[in-house]
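Following the hints, put chain X in place on chain E, whose structure we already have.
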Amino acid sequence: MAFDKVTRGEKVSGVKLTTVQYGILALMLALTAGLWRLQVLGAQNFKVLAEQNRIRKVPVLAGRGKLFDRENRLIVDNYPSASCFLVREQNHNIDADLPIIARGLHLDLDQLRATLKRYRSAPGYQPIPIKEDVTADEQAFIEAHRNELPELETIEGERRLYPRDGFAAHLIGYVGEVSEEDLNQTRYAAYEPGDEVGKAGVEQMYDQILRGQDGSRDVIVDSHGREVGYLGTQHAVPGKDLRLTIDNDLQRAAELALGDRNGAIVAMDPRNGEILALVSRPSFDPNAFTVRIERGEWNKLITDPDHPLMNKAIQAQLAPGSTFKILMSVAGLEEGIAQDLKVNCSGGWGPYGFYHHCDEKHGAVDIHNAIPYSCDTFYYQLGDKLGIDRISKYASEFGFGQKTGIDLPGEQAGLMPSPRWLMRGYHRRWYPDETLDVAIGQGAVQATPLQLARIIGGIASGGHLVRPHVVFPDQMDPTFYKDLLETLPGSGTTDIPINPEDWVTITDGMAAVTQPGYFHTAGSAHLEGIDLAGKTGTAQVMSHEALAKTDKGMKTRPNVWFVGVTPRRNPELVVAVLWQNGEFSFYPARLGARVVAAYVEKQRRLANNLMPEKKVMPKPAEVGAIWTEPNSSPDSAATAKIHGGRFLVGPAGIVDQPVSGVRAEAVTKAAQAVAPPAQARAAQPGQPWKPEAEKKQ
Amino acid sequence: MSPMRRFMSFRDFDWLLFGMVALLCTISVFEIFSATLHTKYVGFHEKQIYWIVGGVVAMFLFAKVDYHKLIDWVPWAYGFCLISLIAVKLVGTKVLGARRWIRIGPMHFQPSEWVKLILILAVARYFANLGARSLTWKDIFKAFALVGLPMMLVLIQPDMGTSLTYTPVLIAGLFLGGINWRQALILIVCGTVFVAGAWSSGKVLKPYQKARLTSFINPGDDPKGSGYQLLQSKIAVGSGGIWGKGAEKGSQTQGAFLPIPHADFIFAAFSEEHGFVGATFVLLLYFSILMRLIQNAQTAADLPGSLIIMGIVAVLTFQIAVNVGMVIGFMPVTGIPLPLMSYGGSSVLFTFLALGVVMNVRMRRFVN
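So the protein lines, in turn, are chains E and X.
Okay, so the first sequence: first residue is 1 according to the working numbering, each after it adds one.
Okay, so the second sequence: first residue is 1001 according to the working numbering, each after it adds one.
Here chain X stands alone, though its shape is the one from the complex:
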């Protein structure tokens, strides 16, 4: 233990990464304030501040625990995740037709969010144990089962958006864990056939989910129906122009044309009020954060460490791509929040816990 203590200190903490994250959180709080000013969600920016402070504290605590220990514990945590997902189906609170929330005391939690983190650790552990050897089909199927089980449980809540965010964990694991081209090609073909089959069978997705998925292709067809949100979002982003309309001045955001402007569509609200300049600045910030994370993965002491960080990179990249893609009309409406920007306690907590693990790996990069 003693050599480890010697090498580990908060001087090695990634203050640059933390600074960029803090800047993004500040932008988020201001935009939530602006977007909720005239809605029934007014005051949510204060709640978001509490979540962020709680998240930062959790991040520092998590950075202290050796990630090797986390990896040792992960089978237990994985089992607990499955139980909590089953519990939420049985005893969860029903909000607008879906059971996603579990109530502990005065607070509501969405277990599917923290399942993500456990899944990242579980996949990292799995591929790290396999070593760098090339994967057999058996290895690949086991990895599918590992991710597929919680994914199915979340899909039946129903919460399609969150269950989709589990796939990049699997893809990143397979890619970095040593899948070869032939296997990848076969999987892609099988996956396409499976998705097409599931789509046409009509049993996996609810009609409203299908409608949301298809309406993005041509939202103009049905401006008042399921394409409404996307159309309003595009108008919001587009009308922002190069410099934006200014904080609290976006007519789409303030006039309640933009749906849930503080959560899923916060990037649209931000783009309307701060224009192309503001939006690209935020994207640049995200890009820098991701690059910094990958650098940390490169310098990690061992295979599990870099696999964990790359799992986190995969999830964050996926969420950014899908959310921003949705806002600018490239992607369907899936209800996936933008990490560190969208309002929501579970999402903020997940991101900070994930960053805590990254810090953890980084601080132990000289430990062997």
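Okay, chain E solo, but in the shape it has when bound:
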């Protein structure tokens, strides 16, 4: 060892290091002494304790919170349901019983074997769920075979009950067993395998609120894990109910309006972002998911070319077509270009070599009739004057190409192209022809129905854009809601002031769209007495040239849009309608008009505080009744006089005296038990019942 202490620098003193060494030795001896105390001296004692360690926590499932609409009408409920489990630990050959079990519980034998295989590595005491939502006859089968099949157990629980026919299915979502991939994510840290968890829609987004907290029961088990008794119960905390912003009436109107057309309708209050209705088609039945969904049904859902599981209102990213012209008009007017732009439409425009078509030859067009005509030629020229940079600046500012931040999972951002985007993604230059395509909402522009509702609703509100939401935030912890919104980045709530003059020009233009008039695109969606303003859109899925070569099948038809607001300025409602391959844009305008009409009619009814008009009874109904004297004592029941009579009862009360009065002297006790007819009693509310006929006698 060739080192010389003298040449070394300052060093830690050896005494101190030795002190540390002795300190560590003392510590290790103390720990060893602790181990000795437990494992050698206390071993017998602790072995007994381990044997007696027989309290195990068994979960008590918490009921999931219900969902209500904005007027507290029930949308999603729970119903009691039993599940069947297989308990493995009884010295019993389960494999031999499987065919019988499969037959009795209507299960597929191979699937049952596969389930057992999946749970092979699970501890022996853990029961295996084999069938959920057991029917009455299956329960009877289990009861009847208690002795032959002791391994079958049933456990009571609650299941989700969703509206029928896929009503609001995409908004509500569905629940299912938490998947293994989910368990690896941090937001599912507190979940256990087998837990029921929201998989889509509100069920997924608000799972933490809806699911409640499972309680537990302390079960005494023997050393093999079999239950022998209970100690105490920690009650489950049921999940919180949630009130959605949905209006059932409007949702129904939207569902009926869309029918079975492939597309989406979203209705929103543009003043605060509350979603009043959200429909996507084709739909699916969420009830099929609450019990484990059958493979065939699942395959059908995921292979359907129309994507029933996709929430098209927030996930369909399609060219917005002419609805984009509203944004163009804002950009053109705010930049001071559109006011003075006069165009002569001769059926198209093509200054850069490629001829861009317009639907009609509109003749002289300015900003005032460009919106109702939806004149492409005007917007080609406006777009050309604005240039792609200004268009994409305005579009991005208003929220194209960004999520809105709605509190539903899986929202898509759409796309707003720009030269920079093209260069970065496709490494090529932007052509002026592309600007013209973008100017009429074609080309690479993509938007979701919800985005269009937010943007056009916001423009009609003078530039007040809102963040859409489907659940009233006042029902939850503010920090929870804040954290939730943080996970949903989006364009949110912003104010982009629009010059009042421009605002009037655009909203008047939108109002003219639904007015009958030559070239007006949605005159047939006119609603008499309702200020409906809007904009249609037709987005070709193929170019004119390509279309000419095909067989013009269903899928080649253009996607059509309508975004409507009512009233035209500072609207209370904005409706966006998408009909994929719907061909003509006045079709979705009529669908939108039906939703708007339903809304306005409801509002007027509420505003005037009038009950819906009741059907008047055509003529008074004849009702028979028997009664006793009001002051007759109950003791003398046997001898009390029973009166009988017939009345004519109309909506306003009794309209006629007895048609014939009959007196019965001899009565049985059974006859006394008969109550006076409800109609007759209701005729004089608030007063002790006294038939008219009696007074008159």
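A hint or two may mislead.
[Said to hold, decoys possible] Listing some non-contacts, in silico: residues in chain E with all C-beta distances to chain X over 12 Å:
{"#": "1", "residue": "42"}
{"#": "2", "residue": "43"}
{"#": "3", "residue": "51"}
{"#": "4", "residue": "95"}
{"#": "5", "residue": "199"}
{"#": "6", "residue": "283"}
{"#": "7", "residue": "295"}
{"#": "8", "residue": "300"}
{"#": "9", "residue": "342"}
{"#": "10", "residue": "481"}
{"#": "11", "residue": "486"}
[Claimed, not checked] The list that follows gives simulated cross-link-like pairs (lysine-lysine, BS3-like), each with its CA atoms no further than 27 Å apart:
{"#": "12", "chain 1": "X", "residue 1": "1069", "chain 2": "E", "residue 2": "47"}
{"#": "13", "chain 1": "E", "residue 1": "117", "chain 2": "X", "residue 2": "1069"}
{"#": "14", "chain 1": "X", "residue 1": "1069", "chain 2": "E", "residue 2": "11"}
If you're looking for bench data, these hints aren't it; they were derived computationally from the structure.
Keep in mind it's a predicted model, so treat the numbers as computed, not measured.
Just so you know, even glycine gets a beta-carbon here, dropped at the ideal spot from N, CA and C.
Okay, now just chain X, sitting in the frame of chain E:
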């Protein structure tokens, strides 16, 4: 540079220390496998192997960089640590109520773990610069600020366990850096008063933290509440007896009575399945590793080198004492992992990086 190269080679690498560490890691992987067999963490032993391999690679890389350079860089690293701790408070991922994790790509990191290493280097640099002269009160306060700042940031995450592991770095630094008896006595008195004040004010610790700290004194009072974990842990250790119940046969571990048997309570799981013999063997292994580290500190070329190693010794000793102490009921539940045994990437990485620095100092012991 050339004389340095000449004296530095992997022949001087501490293969004995590395062998003992590798043995401990092997034991750890087997015990994690056994403890997670029937839980949702099944397969974590494989992840642990990846972490260990990554740690060993990091250790060799770290051994190559001259620790004097590390000491030169440490002010920057210290600043970066403070920023990352503030970042984790602002943008970190929230898991079970505490923001401790920061996400980089697919992986989650706990910055508070590697802050430990930077702190060891920073304290070593600080006291090495002071030389062997006796400390003034100003020196002591500066040292307190140096350690106290990141400690407070970790404490508000809240992560009491990790923030506590910073204190031994400070104590070791003060003790070896030349504090005198009078100063030490005054500090101990002040510290006691401060801790008592913080405890009774109720603002520093959350109620669940307090409950965890007090329940160890008498876990039998509340067998289903906060004392539950400790009681189950003691039953697990005690029922293991002299020879243990055998791998994968511990009823406490396999029956899910023992909480988190692959991480904080892995020593309990190991003691149950391998008994007093196995447990004392592991303790002996730890003792040998620590003694070997101190020997390396003695033979280090200069003051910073030995201060660094002693800082590492302090942290490891503290963690072993607190974790094993918790498992056998001497200490409260604090969530401090057992180095090289508990499952956890950040902890494994820290330990191997620290060992890398030790190797570094050792390999340069003939360099002057």
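Do the hints match the structure? See the list:
The claim that residue 42 of chain E is not at the interface with chain X is violated, since a C-beta of that chain comes within 12 Å of its own (minimum 5 Å). At roughly 4 Å, the least C-beta separation between residue 43 of chain E and chain X is not larger than 12 Å, which violates its mark as non-interface. At the 12 Å boundary, the C-beta of residue 51 of chain E falls inside the reach of chain X, the nearest C-beta of that chain being 8 Å off. Once the 12 Å rule is applied to beta carbons, residue 95 of chain E is consistent with being away from chain X; the minimum gap is 22 Å.
Interface exclusion of residue 199 of chain E from chain X stands, the closest Cβ pair being 19 Å apart, more than 12 Å. Distance check for residue 283 of chain E against chain X: the nearest CB is about 35 Å away, which clears 12 Å, and the non-interface claim stands. Distance check for residue 295 of chain E against chain X: the nearest CB is about 25 Å away, which clears 12 Å, and the non-interface claim stands. A cut-off of 12 Å between C-beta atoms confirms that residue 300 of chain E is not in contact with chain X; the least separation is 32 Å.
Look at residue 342 of chain E: its CB is around 53 Å from the nearest CB on chain X, clear of 12 Å, so calling it non-interface holds up. For residue 481 of chain E, the requirement that its beta carbon stay farther than 12 Å from each beta carbon of chain X is met, with the minimum near 14 Å. For residue 486 of chain E, the requirement that its beta carbon stay farther than 12 Å from each beta carbon of chain X is not met, with the minimum near 10 Å. Of the supplied pair hints, the one linking residue 1069 of chain X and residue 47 of chain E is violated, its CA atoms being roughly 54 Å apart against a limit of 27 Å.
For the hint pairing residue 117 of chain E with residue 1069 of chain X, the CA-to-CA distance comes to about 57 Å; that exceeds 27 Å, so the pair is violated. Taking the CA atoms of residue 1069 of chain X and residue 11 of chain E, the gap is near 19 Å; set against the 27 Å cutoff, the hint holds.
This entry does not satisfy hints 1, 2, 3, 11, 12, 13, going by the numbered hints stated previously.
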